[in-house]
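Position one of the sequence shown corresponds to residue 2 (our numbering), numbered consecutively onward.
The set of hints was computed from the structure by calculation and includes no laboratory data.
Quantities reported herein were computed from a predicted structural model and do not represent experimental measurements.
Built from N, CA and C at the ideal position, the CB exists for glycine as well.
Hints may contain errors.
Subject to a maximum C-alpha distance of 25 Å in a straight line, what follows is the list of computed BS3-like cross-link-like pairs (lysine-lysine) [said to hold, decoys possible]:
1) Lys286 to Lys542
2) Lys254 to Lys147
3) Lys703 to Lys755
4) Lys286 to Lys450
5) Lys155 to Lys551
6) Lys301 to Lys286
7) Lys755 to Lys742
8) Lys444 to Lys356
Label pairs and their computed distance ranges (CB to CB) [said to hold, decoys possible]:
9) Tyr402 to Leu245: 46 to 52 Å
10) Ala518 to Gln37: 37 to 43 Å
11) His172 to Leu417: 23 to 29 Å
12) Asp457 to Pro552: 33 to 39 Å
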Amino acid sequence: KYPVRYDPINKEWAKELTHFDMYPRIFPKEETGCVQEIPGWGRNVVGNVYDNQGGTGKYRFVYPYPLNENYYLVSMKRSDTRTFGLYLVDRFDNITPILELPNDSLLQPIPLQPVSRPLVRNDLIDPDSKTGSMFITDVYAGPGLKGVPRGTAKSLRIFAYHFGFRKSGGHESVGMVSSWDIKRILGTVPVEEDGSASFNVPANTPISIQVLDKNGRAVQVMRSWTVCMPGEQQACIGCHESPLDVTPNKTVKAANRAPSEITPFYGKARPFGYEAEIQPILDAKCIKCHNDDVKKEHPKLPSFEAHKSGDWRTDTSYSAFNPFFWRTGPEPDPDILVPMDYHASVSEFVQKFEKGEHYGVKLASEDWDKINTWIDLNVPYRGQWVNPEMEKRRSELEKLYAGLDTNPEAEYREALQTVSKSNLPPVRKLSAEEFTKIMPMFKTTDNLKVADFPFDAKTFSPGTNGAGEKLTVQLPPPPKPAAAAADTLPGGGFPPYLEPEKQAGQQPKVDLGTGKAITFIKIPAGEYIAGQLDSSMPDEKRRQIVKIGKPFWIAETEITNAQYAVFDPAHDTRYLREDGKDHIVPGYIANHPDQPVARVSFEEAQKYCEWLTKQLKERDRKRSEISRLPTEAQWEWAARAGTATPFWYGDRNADFSKYANLSGKEVETTYTSWENGSTVHQRRPYGENSVFPLRDNRFTDKWFVVDYVKQYEPNPWGLYDVIGNVWEWTIPDADRTPQGKVTAHGGSWKDRPKVAGAAARVVYEPWQKVMNVGFRPVIVDE
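Could you build the full structure based on these sequences and the hints that come with them?
Quick look at the structure:
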């Protein structure tokens with residue numbers, strides 16, 4: 002379990018450009034997976050994260066070699082002026098010098114002793130074979146697919162790495178917030194109903210795997226790679242299982258058949274690049290409207306015409322298109338990702354097109370497959386390194402030493418030629434004048450009216466119409482995790498090897514206290530018009546008159562991490578992606594007690610409400626009240642507070658900076674790069690004219706990712722953050738929601754006003770945990 006869980010004292014790790022030593026919550030070494038520190042007898046392993054770890058200690062140890070459970074040979078340096086010597090240390094903090102030389106360091110001590118020659122295993126490879134095979138007992142085994150219902154995994158995407166040549170590649174070489182290296186798509190293989198899989202792969206090739214759902218979208222990604230030797234049979238238990246796990250004693254379907262061959266992905270194996278895979282889709286389906294001429298008259302409309310191709314930094318189409326897609330980036334949280342954390346369904350483009358045709362444009366199944374693959378491969382641009390000398394040399398070496406006759410550079414050149422030779426007729430691009438004329442055809446209108454809605458100035462205020470009354474529900478004391486220590490070290494204090502000046506900047510752990518209260522606001526009955534005509538989403542444009550027959554209570558704020566911890570102390574909202582490189586922390590803090598809980602599924606939010614109902618039953622109240630999630634109608638009525646505009650504070654041009662945590666100019670400066678070891682990054686602007694991340698540059702709110710609750714002004718009924726911060730789970734409207742799916746409302750810190758609002762809704766799986774979706778419960782009399 003590393004990095005272990007960290008309890009932040011605020012939403013920032015530390016001030017920019019300052020040094021930071023991260024102290025996670027301390028567990029026994031049996032829980033952390035860390036070995037005992039020397040010296041450190043009798044203490045739990047701290048497990049702090051600090052790049053300059055050796056520079057803070059009195060002694061510096063390297064290359065420990067265990068002799069038994071108590072004694073170790075090590076190379077140790079007693080001070081900066083001395084060399085590394087050979088020492089015997091033990092877990093009781095004794096240090097015994099064996100040998101130290103004045104001018105030479107002694108490294109990697111290995112004891113030699115006579116042993117019996119072990120049995121020699123037969124060779125497990127076949128040098129004449131061009132393939133190896135892989136076997137997975139159950140993809141659902143292990144934490145990688147924790148919480149994912151059986152039957153979700155339908156296939157595995159198999160791709161290979163085309164590593165950068167010498168003096169090419171690197172952190173930002175493949176695309177915007179993309180990958181270090183080029184990825185070469187091989188195809189897919191099936192997953193059996195019981196979660197097993199067996200398949201052949203090319204030998205001597207770095208292979209990576211992604212678990213796909215029925216739509217061909219990655220439920221979980223493998224952020225490493227493996228290689229099969231010729232004829233070798235590899236096997237694993239499941240998805241990210243522990244090396245300590247053993248294969249379960251059971252029969253699985255894939256074991257009773259020959260390994261599957263990889264089904265090619267729309268042609269030959271090839272590097273997956275933007276110009277060959279995605280630009281043709283835009284040329285065929287999008288640039289009719291999204292072209293340069295239209296953009297001149299409608300500057301908010303992006304143009305997907307390609308100019309200055311060959312480099313992602315200059316290609317105008319890639320720069321305009323890639324910001325609509327959520328992806329892991331090259332250096333996300335190093336711990337195992339939450340399943341579907343970067344699923345295609347979280348991307349704004351996918352959310353828009355899944356709800357129906359976009360101005361008459363419908364994507365074909367092949368279009369979707371390529372876009373989904375592009376997202377899952379980290380929205381790459383580059384498909385070739387373009388280094389003829391190195392290309393020739395690598396091909397020679399791979400053929401000589403690995404028996405490979407593949408050339409990814411040539412594969413991508415062929416893919417580009419296939420696109421250029423396409424016989425498809427060119428799409429006629431609309432002029433700005435034509436575009437302006439046809440747009441009114443797509444506008445939705447209706448004649449819906451409701452008496453006394455929207456509210457007038459007299460009723461548009463707290464405490465009117467029966468609104469504004471408060472109810473406080475006191476939660477019980479939060480259970481304390483058995484493994485957690487009361488302080489940084491047992492008995493208090495800090496590790497003895499830290500220098501005093503290093504201790505001064507540290508903070509004690511956060512105490513969540515003896516309990517947390519939830520304040521509920523009473524929302525009156527009434528009638529209103531749900532939906533928004535100016536929405537870009539078809540399901541939100543369809544307005545309807547809704548009657549709220551009974552008053553109800555709704556939480557004043559989104560449920561916080563502290564309030565959720567009383568119910569589930571093991572939950573961790575974790576961190577949010579930090580763009581850039583060379584991070585010293587897992588990401589931006591999202592698990593502070595006063596930030597809204599997220600990465601809880603709709604189903605988990607329902608269970609919280611059921612638990613809250615039990616707390617209500619213990620109160621001295623004679624009413625038959627229960628807690629549950631709000632319906633879509635209840636949530637929108639509460640969020641609107643009597644208004645008909647997208648936001649309770651105005652239309653989409655309203656300055657949201659005082660009222661909502663949305664994506665404004667503050668996210669423009671969230672690009673980071675290497676500063677120094679354990680130095681907190683300085684947030685800098687993205688490149689000139691970059692539209693990544695998507696934002697509204699007219700306004701600047703208080704924080705660039707999720708914020709504490711109650712940092713912005715409440716709506717007239719006293720509700721905080723109904724717009725922005727995190728989306729909120731709602732009980733779905735069956736008429737507008739695909740069967741088996743659930744909805745969230747409002748918008749979050751990563752959304753522009755264009756896609757947020759009282760009527761804004763997104764659709765997810767009921768078990769899906771989304772990094773920017775939380776909830777606020779209601780109390781109803783049923």
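Consistency of the hints with the structure:
For the suggested pair Lys286 and Lys542, the alpha carbons sit about 23 Å apart, so the restraint of at most 25 Å is met. Straight-line distance between C-alpha atoms of Lys254 and Lys147 comes to about 21 Å, which keeps the hinted pair within the 25 Å bound. Pair hint Lys703 plus Lys755 holds up; C-alpha atoms about 19 Å apart against a cutoff of 25 Å. Between Lys286 and Lys450 the CA atoms are separated by roughly 38 Å; this puts the pair beyond 25 Å, and the hint is violated.
Among the hinted pairs, Lys155 with Lys551 is inconsistent with the structure: their alpha-carbon atoms are about 44 Å apart, more than 25 Å. A distance of roughly 19 Å separates the Cα atoms of Lys301 and Lys286; the hinted pair therefore holds under the 25 Å criterion. Note on Lys755 and Lys742: the hinted pairing holds, with a Cα-Cα distance of about 24 Å set against a maximum of 25 Å. Taken as a hint, the Lys444 and Lys356 pair is honoured in the structure, with Cα atoms around 16 Å apart against an allowance of 25 Å.
In this structure the supplied range 46 to 52 Å is violated for Tyr402 paired with Leu245, their Cβ-Cβ distance being about 34 Å. Under the hint 37 to 43 Å, the C-beta atoms of Ala518 and Gln37, about 42 Å apart, fit the expected range. One distance hint, 23 to 29 Å for the beta-carbon pair His172 and Leu417, holds here, with the actual separation near 25 Å. Here the CB-CB span from Asp457 to Pro552 is close to 21 Å, at odds with the stated 33 to 39 Å.
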